[in-house]
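There are 2 protein chains.
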Amino acid sequence: MSIKIALLGFGTVASGVPFLLKENNEKIVQAAHSEIEITKVLVKDIAEKERLVAAGNHFNFVTTIDEILNDKEVSIVVELMGRIEPAKNFITRALEAGKHVVTANKDLLAVHGAELLEIANKNKVALYYEAAVAGGIPILRTLVNSLASDKITRILGVVNGTSNFMLTKMLEEGWSYEAALSEAQQLGFAESDPTNDVDGIDAAYKMTILSQFAFGMTVKFEDVAHQGIRKITPEDVTVAQQLGYVVKLVGSIEETKSGLAAEVTPTFLPKSHPLASVNGVMNAVFVESIGIGESMYYGPGAGQKPTATSVVADIIRIVRRINERTVGKAFNEFQRERVLAKPEDVKSSYYFSILTPDSKGQVLRLAEIFNTEDVSLQQILQQGTDGNTAHVVIITHAVNKTQLENVTRKLQATSGFKLLNTFKVLGE
Amino acid sequence: MSIKIALLGFGTVASGVPFLLKENNEKIVQAAHSEIEITKVLVKDIAEKERLVAAGNHFNFVTTIDEILNDKEVSIVVELMGRIEPAKNFITRALEAGKHVVTANKDLLAVHGAELLEIANKNKVALYYEAAVAGGIPILRTLVNSLASDKITRILGVVNGTSNFMLTKMLEEGWSYEAALSEAQQLGFAESDPTNDVDGIDAAYKMTILSQFAFGMTVKFEDVAHQGIRKITPEDVTVAQQLGYVVKLVGSIEETKSGLAAEVTPTFLPKSHPLASVNGVMNAVFVESIGIGESMYYGPGAGQKPTATSVVADIIRIVRRINERTVGKAFNEFQRERVLAKPEDVKSSYYFSILTPDSKGQVLRLAEIFNTEDVSLQQILQQGTDGNTAHVVIITHAVNKTQLENVTRKLQATSGFKLLNTFKVLGE
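Those protein sequence lines, which keep their order, are chains H and E. Position 268 of the first sequence, counting from 1, maps to 268 under the UniProt record's numbering, and the rest follow consecutively. Position 1 of the second sequence, counting from 1, maps to 1 under the UniProt record's numbering, and the rest follow consecutively.
Since the hints were derived computationally from the structure, they do not count as laboratory data. It should be emphasised that the depicted structure is a prediction, and the values quoted were computed from it without experimental measurement. Virtual Cβ for every residue (Gly too), placed ideally from N, Cα, C. Any given hint could be a false lead.
Below, computed lysine-lysine pairings styled on DSS-like, alpha-carbon distance capped at 27 Å [said to hold, decoys possible]:
1) K40/E to K151/H
2) K44/E to K257/H
3) K151/H to K410/H
4) K22/E to K124/H
5) K169/E to K271/H
6) K22/H to K22/E
7) K151/E to K40/H
8) K124/E to K329/H
9) K151/H to K4/E
10) K4/E to K329/H
11) K271/E to K329/H
12) K22/H to K257/E
13) K22/H to K329/E
14) K151/H to K169/E
15) K271/E to K169/H
If the Cβ cut is set under 8 Å, some of the chain E residues that face chain H in the computed set are [claimed, not checked]:
16) G136
17) E288
18) A313
If we strip away everything but chain H, and leave its shape as in the complex, we get (with noise of 0.2 Å):
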């Protein structure tokens, strides 16, 4: 028996998905017990499955949806069109059809994924997005199977394949940030405008798909603090790299005491640590669990044929529980009440990025205002001066969310000094 599949779009991914399909044959047939077939595959519009076909594709192109949603020999729907809408839309009436369906969506999946897994229960149908976070890394599947006897304390992940290919260059070629994007541009890793990779944004969405399948949590996207990499300097990443460390973006989940704390910012990461040689476009997540201790799983965060194989795997999952007749159970069952940590209970060191007059006595004021708040400071370096002005890069012992803030404020508020950042420090 052949098990047909629909695809929505047929962009670069949804083209992988083919591919495998038939390079793979015999071992996905093994795996999923039936042979998969693509019988229909939405697009757009008339011109675009015109231009398809001419470039020599040969799939049943349809140009509404409902010709997917009312072909009873149609189980599962893969949508890769990505943004919100009509994705969105189209899913929903997919599991109201009663079609399993398989997305790479994370955009959608961090913004409305409760809504959709709650009409994926109801209609007792299957929604898997293991290509969401981190393409082509199986690190989803991974935390629900393999990870379920294993109690989660720490994710630190590096999910945002531009920004870091972006700080590769910063610190390999010495490039700035401007010189970095344009060629993570010119090569297609960054969209023209390149926000939701360089603000965090992308990989803060990631951190709260995570935070579900590693901490049992539905953390918002809202809860997800997140910082960028814009305002990262060359100086930034020299320093680090004088003092041990290498300059990532990376987003955390960690359970405290009081409850689950998720962000996304740039982190000073010592250079034996693991993610520190997670360098250009590749992934990689780093898990700390009461079980294992440290694991990682590393790979490429995008393209196509890494994403189309994480879809597929999820395809040949979904097809093997029609064929056990156990289909419909949730992807990641584990849930527990979502509760956000107390600032007070979220510890870390931090780099400081100061200037300040270059005149006597200023690293005593600076030393009085961390030492007001009870922040005791691990290196200072005075970077040099141009007569007028010192530059003071200081990093902490570890201080709590509250001392941070207090810190930054009156840092902020005392005339001469200019803060100028304040990264994370992996190490305590």
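Please arrange chain E on chain H, whose structure you already have, making use of the hints.
Below, chain E without anything else, positioned relative to chain H:
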């Protein structure tokens, strides 16, 4: 309803199982859809039982396997005794008694896996062994589930923690092999007879298991050529560093056009390769495939809690499937005929470390040997001399196994030359 399990053995790893079941109870029950209860624990004799009870362990300790096999309430037998016998006998009888089995016994699986899997299959029970390869890294289930959609072309694994710890010490602290071994023994990473670890036998066992999951082929232990780390000298480590490499004991399985080639051998890895930063007792499996491209799975290769985490993940999977009434499917269903590669299709660059007489024309003589076998050279380094003997290091371009054998034989047969070491070089 609660599912009852029995443990065979109560050593270090085994005692990690109740720890996780208790510490992570809420999540485990959500994932398994049942409580999991350890109702019997097999120990060697009354003396061991009394010792364990005196130490505060409150389990129902039994001293004969029959007490478990005849107990109709026990659904899952968890073998954590290690070694071949009596583990093999106990597992066989448990499977024949209709019990599902979870084991971490890599030696047993590598040598008698096919036989045991057949018994499991005949009795329609599950035999799972995630912990048998790279302890805490969830690599086997990930290959089965998430990489079902992908076609793997090569696996590279740093899968022996003991030898990796030793090589890390040799690299980072300049230690000799002997000093590193003695430290590993003192820390309990290496046994008093370290043969299995340092001669690549343990890693070869893991390659035989990985070959089934990654390539669907049941490769025999004898098919995996293995060379260990005994002969690696501080000089080899230093030269590697000078040339931009690190030396690791790497297990590899690759599919060539004629079939599968598996081996374990010291390997020069470019410093930028993700495996190069896998240090100490940590393990990692690097996967090259047509879909994802490159991915890596990193974590502890051994240890109580990491291994127990994999064991409990297997238990959860079985309990879930018992509840779904789909239990008894093979852990790995990917099966192809075993076809081994022809030597001429297995290609790599190699490092040769050679002592030659310190006289004119020796490098020319050397070069001629390589040239006769059509082996082109990437780098030659004359490493210093004591007046009588010169030390020459050569890195070749890609050569096949036949060429490698011919060059090696000629170098060994040439009077005055002494071939110290030949290692694989990754990169080309």
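Quick rundown of the hints versus the structure:
{"no.": "1", "hint": "K40/E to K151/H", "result": "25 Å, holds"}
{"no.": "2", "hint": "K44/E to K257/H", "result": "42 Å, violated"}
{"no.": "3", "hint": "K151/H to K410/H", "result": "39 Å, violated"}
{"no.": "4", "hint": "K22/E to K124/H", "result": "32 Å, violated"}
{"no.": "5", "hint": "K169/E to K271/H", "result": "18 Å, holds"}
{"no.": "6", "hint": "K22/H to K22/E", "result": "46 Å, violated"}
{"no.": "7", "hint": "K151/E to K40/H", "result": "25 Å, holds"}
{"no.": "8", "hint": "K124/E to K329/H", "result": "24 Å, holds"}
{"no.": "9", "hint": "K151/H to K4/E", "result": "22 Å, holds"}
{"no.": "10", "hint": "K4/E to K329/H", "result": "24 Å, holds"}
{"no.": "11", "hint": "K271/E to K329/H", "result": "44 Å, violated"}
{"no.": "12", "hint": "K22/H to K257/E", "result": "19 Å, holds"}
{"no.": "13", "hint": "K22/H to K329/E", "result": "25 Å, holds"}
{"no.": "14", "hint": "K151/H to K169/E", "result": "31 Å, violated"}
{"no.": "15", "hint": "K271/E to K169/H", "result": "18 Å, holds"}
{"no.": "16", "hint": "G136", "result": "4 Å, holds"}
{"no.": "17", "hint": "E288", "result": "11 Å, violated"}
{"no.": "18", "hint": "A313", "result": "4 Å, holds"}
Of the numbered hints given earlier, the model fails hints 2, 3, 4, 6, 11, 14, 17; all others are met.
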